[in-house]
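**Q** This is what each chain is made of:
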Amino acid sequence: MYDLELVENTKTVNGLLARYGVKFGIYKNNVFKEQLFPFDAIPRIIEKQEFDYLEKGLKQRVMALNLFLSDIYSDKKIIKDNVVPEDFIFASSGYMAECEGVKPPKGIYSHISGIDLVQGKDGCWYVLEDNLRIPSGASYPMIARDLCRRSSPHTFENHKLCDNRNYAKLLRDTMEYVNTGGHMVILTPGRYNAAYFEHSYLAEKTGAHLVASSDLRVENDMLYYVNYNAKLERVGAVYRRISDEYLDPMNFNPESLIGIPHIYDVFRKGNVALLNAPGNGIADDKGIYYFVPKMIRYYLNEEPILNNAPTYLPFYESDMKYVLEHFDQLVLKDVAEAGGYGVVFGSKMTAGQKEDFIRLLKKEPRRFIAQEVIDFLDIDVLIHSKPVPRKADLRAFVLMAEEPLVWKSGLTRFSRNPDSFIVNSSQGGGFKDTWVLSQ
Amino acid sequence: MKKLNFDYHMHIAYSQEVEECYFTLKCLPPHTQRQQPGEIEFLVSPSRYWSRGEDSFGNQQILGRAEGGHRDFSFHVKGVVTTGIQNYEAEGTENQIAKYRYPHGLTCPGKGLLAYFRTIKPPQNHSPYEWAVALMHKLHQDFSYEKNVTDVTTTAEEAWNGKKGVCQDYAHIMITLCRLAGIPARYVTGMLIGEGYSHAWVEIFSHGLWYGLDPTNNIPVLDSHIKLGNGREASDCLINRGVIRGGGTQTQTISVKVEEICNGSDNSIANRQNGANHDKNNRISKDAGR
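Residue numbers (the numbering used here), protein chains in the order written: chain A, 4 to 442; chain B, 6 to 295.
If you're looking for bench data, these hints aren't it; they were derived computationally from the structure.
Since the structure is predicted, the reported quantities are computational estimates derived from the model, not experimental observations.
Just to be clear, a hint being listed does not mean it is correct.
Unchecked claim - Rough simulated footprint, nothing fancy, chain B against chain A, three-plus residues with beta-carbon under 8 Å:
id	region
1	81-95
2	211-225
3	260-273
For glycine and all other residues, C-beta sits at the position ideal for the given N, C-alpha and C.
Given only the sequences and the hints, what does the whole structure look like? Please build it.
**A** This is how it looks when you write it as structure tokens:
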């Protein structure tokens, strides 16, 4: 499927990526380390028909998740109607009471959603998790495609694939749709953030201002950009790449040095759009994940198009029984953790670890979910110039403006370690471009 | 029912100039079924601007910013509040109750409070209100009032293990116990007749209504308390929250005067207290790096 020219240019493209600063920063033992995010030139290819199916499913899922967020921070009908038990909302660290009753511009909570999928050996796609806070990763396939087009132009003449370089326009339209009047900015915590390359790249490509907190100021219930002349210019939309907790020391963590005091109060009064809205953590909670298919039926009155990985909630007695009986074939996830942390495989535990874990599971059943281990369809990765099969997932991006739109590409992440199922970039994996064929 | 005259004054003196300061003040008494404020006057200085709003816990808030080298910051609010119109508050919507049933922040129980809770026997055929009153009596017996042994960051568990603290600690421990008993409970800030400080107590939810209980004084909240704000714990309804740049060290002074108005004449039982204090409901966090 892929051709030689493309593959032969892997080294060149990786060299250019390094020069452009396409890096991923990780904290290990409290030390910040920047590392290259290795690019593998063999693309993941998705046929048009297959992507059409994914697209439909992703739109449906993100619609339901937005309705869920809007419901949870207002009427909470889904709790009253006994679809989601109250415990999974209020005992979750993702629920933020500080966001109760606040209506974001145009009612959109998750403008940019990153939905992680895997394909099983049976060809069936499964959603592994929803990322509705500030999912990163779109910039990597964007720049990789751009560099590959330059290094192997023939490849792109010979294949009919959807151009993915429209992401910047989609993002810009998404921001514009909720803009309350004024500049559009991308707010970064700064260059020591793991995704700083992405912040600066998206700002450059969308034409939004790249700002740090000291460039923004709240006055009289409005948000302003302090320009080079120290004059204030109104800001109407902030694609903020700072997590909820650190966004506003007057409303959230008072210790935050990277936040903007009162920015959330400006949002509360409807005078600025924050992408994504604070409080979204409740929707990508791993415990809530279990309920997404139920949510789709509840809010949209439709059958879910995409499958969840088969998931059990030890919170329910019957599920607990199943989990204990099939412990060795399940993967267990701590709902409070993200980025590939807090994930353990039943089969890989020693007897002692298992005993400890089961004790904890029985003590705090709500804290864990258990999933069947999906036999991923391996995809080829070049290692020492030879294609070898590796586990990979796909982060699809859904942008929500008037209608949800699915970007016809996505971030394919793979594990370099043949035994590992964990592909998160914070765990040191690499990435691929994702080709969606146009016919 | 009482008609109370109140006067709340907060002043911070800084050892060095403050370059910039943001403040959120939850210092205005809300209109509820229990109390009705009137003739409210509010002053804050310095401020470049301030505006009003409401937070997600239903509290009135004043937001503002000051800049340009000041060494003082103060606000002053006074007025008249009719209290004890009812001895409860009704909740507007059912769905706002649940968040007060779950542990949060400083009110998460540890081993000490879990063990203590198990030693308290609920009264026979109790309503949530009666159960909460029993918890209050027990706590009042087993915990003693002492200043300067706890601070604003002390958790209910830590305060309980030390067996001493102030109104914030009483309230946090009682909230923790009530939630363990399955009773929704919230933290309340305000003022009490005859007190020189701001005060804190608890509201518990029983049969569709919120009732005030003051564990520091072991009394139900009737008409001697003026409520300012409420939340899951102290940090949701700090009377005064701020972020400053510069300022050096700060000395905060709070004086509160609450007196009953009887037949138009001023029958004062207030006391006024000045001087550096360690009031629990006021916090200015320093944010020099911004």
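**Q** If a hint holds in the structure, say so; if it doesn't, say that too.
**A** How the hints compare with the structure:
Residue count for the region 81-95 of chain A with a Cβ under 8 Å from a Cβ of chain B: 6. That meets the three needed, and the coverage hint holds. For the region 211-225 of chain A, the proposed coverage by chain B is satisfied: 6 residues have a C-beta within less than 8 Å of a C-beta in that chain, meeting the threshold of three. For the region 260-273 of chain A, the proposed coverage by chain B is satisfied: 6 residues have a C-beta within less than 8 Å of a C-beta in that chain, meeting the threshold of three.
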